[in-house]
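Asks: The primary structure of each chain is shown beneath.
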Amino acid sequence: MSTKTNKNTQNANAEQRKTGMQVLKEMKEQHRESGSGLGRAHLNNRIAMGVLWGATVITIGLLAVILIYVGYHGLGVVLQDFPRFIFTWPEGVNAEGGIWPTIVATLYSTGLAMAISTPIAVLAAVYLAEYAKQGRIVKTIRFAADSLASVPSIVMGLFGLAFFVETLNIPLSMLAASLGLSLLMLPITMRATEEAIRAVPRYIRWGSYGMGATKWQTVSRVVLPTATPRIITGLILSLARAIGETAVVFLTMGIAINLPIIPTDSGRSMSVHLYLMAVEGINLPSAYGTAFLLLLIILALNLSARYISKRYSRIDNA
Amino acid sequence: MSENKNTVDKSQEDTLEAPSHASEQEVAAGKESLRTDADPSKKTLTHTPSVVMKELADTAAKREPVPEARPATKLQLVSRSTQIKEASLATLFFICAFLAVLGVGLIFAFVAWRAFPLLSEIGLWNFLTGTQWSVADNTFGALPFILGSFVVVGGSLILGVPLAVLTAVFMSEVASPRANAIIRPAIELLAGVPSVVVGFFGVVVVVPIVSALVGGAGFGPLTAWIVLSIMIMPTITTLSEDALNSIPMGIREASYAMGATKWQTIWKVVIPAARIGIIDATILGMGRAIGETMAVLMVVGNAPQLFAGISAPISTMTSQIVLEMGYSSGDHRTALFGLAAILFLISMSLVLTVRLLAREQTKKTKKPKKGGGA
Amino acid sequence: MFNNYFTFVILWFLGLVYYNLWVVLKNRKGLHITMAANSGIVCCSSCEKEGSHRFISITKILSLSTKLSVVAALTLLMLSAFALSGCTGRDIQGQIIVSGSTTLLPIAETAAQQFEQAYPHYNVLVSGMGTSAGIEAVGVTGTADIGTASRDLRGTETELDLIEIPVAHDGIAVIVHPDNPINDLTLAQLRDVFAGNITNWQDLGGPDLPIVLVNRDEASGTRSSFASAVMDGESFEVNSVVLPGTGQVREVVARTPEAIGYISVGFVEPRHVETYVQAISLYGVPPTDENIINQTYPIARALHFLTNGVPEGSPLEYIEFVLSEAVQEGAVRDAGFLPITEAEHAEFRRMLSEGN
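Taken in order, these protein sequences are the chains called A, E and B.
Under this note's numbering, the first residue of the first sequence is numbered 23, with each subsequent residue one higher.
Under this note's numbering, the first residue of the second sequence is numbered 871, with each subsequent residue one higher.
Under this note's numbering, the first residue of the third sequence is numbered 205, with each subsequent residue one higher.
Think of the hints as simulated: they come from the structure by calculation, not from any bench.
Virtual Cβ for every residue (Gly too), placed ideally from N, Cα, C.
Watch out, some of these pointers could steer you wrong.
To be verified - Sample of chain B residues with no beta-carbon within 10 angstroms of chain A, all distances over it, derived:
(1) V344
(2) G449
(3) T450
Unchecked claim - Estimated spans, in silico, between C-beta atoms of each pair:
(4) E:T1223 with A:K332: 26 to 36 angstroms
(5) A:L325 with B:S439: 22 to 32 angstroms
(6) B:P411 with E:A1178: 14 to 24 angstroms
(7) E:A1051 with B:L413: 49 to 59 angstroms
Produce the entire structure from the sequences given, and follow the hints as far as they go.
Replies: Here is the structure:
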């Protein structure tokens, strides 16, 4: 919804900006003709534009530096006898060799977390967008979701440790970690889904109701299928967030390297592996390789989310 | 963290801004009456179908012959099972939605419950103002970490906010759509870089540079400021850009018409108009910064002392929790949960502040509109 | 070990939510029956009055049974997953749980991998939560078979019936930048440096530079050993960089001319990296292997496995594997530690024979 409105306003802005610029040009010419000094304001303007350019270049440059630095050091590690780093186990006390179990643990826990949080988040969003009457309850729920989104991840990790591990007696495991992660993903997915549902045009619903469909029929057969691409975009972004998450996983998954099979197996995720390698500082090549793969996964997820939403909006516009 | 905050705030702004924005244009076109109608009609429309359905179901239940007269219809509005279904589904959805409330409640309850013995053992005041943190002596004062968190966050805001806001201004006011097509994905990607990767980057790149520049080991507030400002910049940029984009074009044109240069327009007109949005963005960025864990832990030096210069190591609440949680027990663990409770309260209060600001803003924007309309 | 009730409720709820989502995606009818059945409401009776609806209700009942069976199957699947997890739980023979010091974690882990390869019917679970947690796990709660400790037992821990089996030796080298002219200190000087009483290298006879202290985090076994050997009850100066890893300490000291830190002796020589540090001697005794094992170098410690009583069965096999030459010369040396001596081996044998 937001992107669409943004686009519209941007287009409008662009057009209007042109007119503004034209006016400005005319003003300038007038001033030049009359010989009065716009010089200082003009100079200031130039300096300011330079500063704006500079700020943007620095911001983009930071991203570029991180990507290039990690890529430069990591690519070599990953490409050395190519699939070895990805598909073999770490060996020895300094974790030389590959990082396969950590990749599996990462995908396992985030996948499980997504499986736990998605249905709840989607149905909760359906409630907020379609069923709830605006009132105190909805306000409370929305405030809670906002707060949940802003809870520092380390607090979430501590909660995971105190509640899932120590109170419910789930061992330090994939399950405990993914329960913690799902709390983290819940507000993101919920928000994205709610926006997606609200973006579905009202008249489509009226059509469905007009056919005599019940609310649930309308939601399940008309609204949700229409909103699916946007929901998937939101899901992917929350997944990217969960994959890079370290603090929650560090406290709830255990840190020993292990290949998880059942949900109660412990393991070490890629982000935790990267952290341990980085602070141990002994086997830095492995850290570079892990960081590179982690960035690659997140890059791929971000790009695919972008692709889906772009494709969807193209269909929408057509 | 930023990703969700972005969406959170975006949608907040959408819900808050969109109607007012639209209405403003309507006012300009002299259609105030339409706007006042719009809101109630929306509400009734969303709920009309359910009301109608209920009425239909009621009448159908009263008059039995009607459903018998058309048995082949799949119109299940009439059967009681449908009602039960709808009601039970609605309940299920409500439970799902309520899980968010439950989650926040549980988090606070558990962290507070675990931190509670602190009150009796150490005393809240002693905990908050104690400057000594020593596991060996069993003395736990949180002041170095609370101050450390604020020092680190404050510095990173000073570094990050101008850069982020300038970038946002550039994206919204100067850049061509084609340039934005590169800048915006880059900013979003920067927001997606995991904090542990940024921390790793900080350790291998920023720390040696800082060490070479200011001496010492390179771990300390200055390094943390740089690393943290990288982390919060995308959040602030995206949210500020939204705020800037929501400023109506007419204001800018008015400024240009007065003969202002682009920069004068930006500095004197656009930024003041988007002030509250930018403040919102800064607060949310602050929320992200204060909860940031791994990146800070890796570069801040983790010494439990008060701020003693930009290159002297300090510690923050988040980094202390990660560093010591693994082996803590007894009072120590309670104290760490106490730090977590403080963090939780700070982040909640930031969310509340944003809410209050948003409410303030809607009040403010409403008033002049009515005046303008009259 | 599992709070089954909670887990069951959570999973049941999830299954329910899932099933409905699946129905949404499949666009199928008859959902309400399942829903109603899930809510424990039998709803078909009301439809039966209306004759024309009988046919529908029969199909509904039919579909009800299928839906119910799907839900039941889902629930069963989840339950079996947990039953399975229960089966591979702690009471099965062949499972060895090792828990404790993070210092010993890499050794225990590497040895566990090799052990599992050599004895496929055993499963070794290694976790590192710190020495104290390890002692509690093996001595108090009994959740671990073997605890790993990087420090000596202290306080009430000595009252537990724990047997200490040395598995490696560790010397802690005090390191400075290679250009630093100072290469010998006394323990008292070292204590003053780390307690913050001496803050300039000038006071030690070096150049006029402020001392940058590089310390380890409190969870570190290296730090507690250093504290007990050097600090003599004095507390560390707080204005010191606290780093959570050996390699980082080394890297920072190698880069910073005014820094001083301490790491395990095995890491003084470079591995994977091209940076160098200088280990200083104490009272003229350099931290060599020999000096550490015969304890003439003052900052040395032994790393222990702890068992509750004399070890037997599968834990004993694992311990013997760790004490074998393959692990001692392999993993132990790789981790920067020194293998145990013949005398300690003999002591272990004697303890075993006495115990039996």
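Asks: If a hint holds in the structure, say so; if it does not, say that too.
Replies: So, going through the hints one by one against the coordinates:
Every Cβ of chain A is farther than 10 angstroms from the Cβ of V344 (chain B); the closest lies at roughly 15 angstroms, confirming the non-interface assignment. Residue-level check failed: G449 (chain B) sits 4 angstroms from the nearest beta carbon of chain A, not beyond 10 angstroms. At roughly 6 angstroms from the closest C-beta of chain A, the C-beta of T450 (chain B) falls inside 10 angstroms, breaking its exclusion from the interface. A C-beta distance of roughly 35 angstroms is found between T1223 (chain E) and K332 (chain A), which places it inside the suggested range of 26 to 36 angstroms.
Between L325 (chain A) and S439 (chain B) the beta carbon distance is about 52 angstroms. The supplied range of 22 to 32 angstroms is therefore violated. The supplied range of 14 to 24 angstroms is met by P411 (chain B) and A1178 (chain E), whose beta-carbon atoms lie about 23 angstroms from each other. A beta carbon spacing of about 52 angstroms between A1051 (chain E) and L413 (chain B) agrees with the range 49 to 59 angstroms that was offered as a hint.
The earlier numbered hints that this structure contradicts are 2, 3 and 5.
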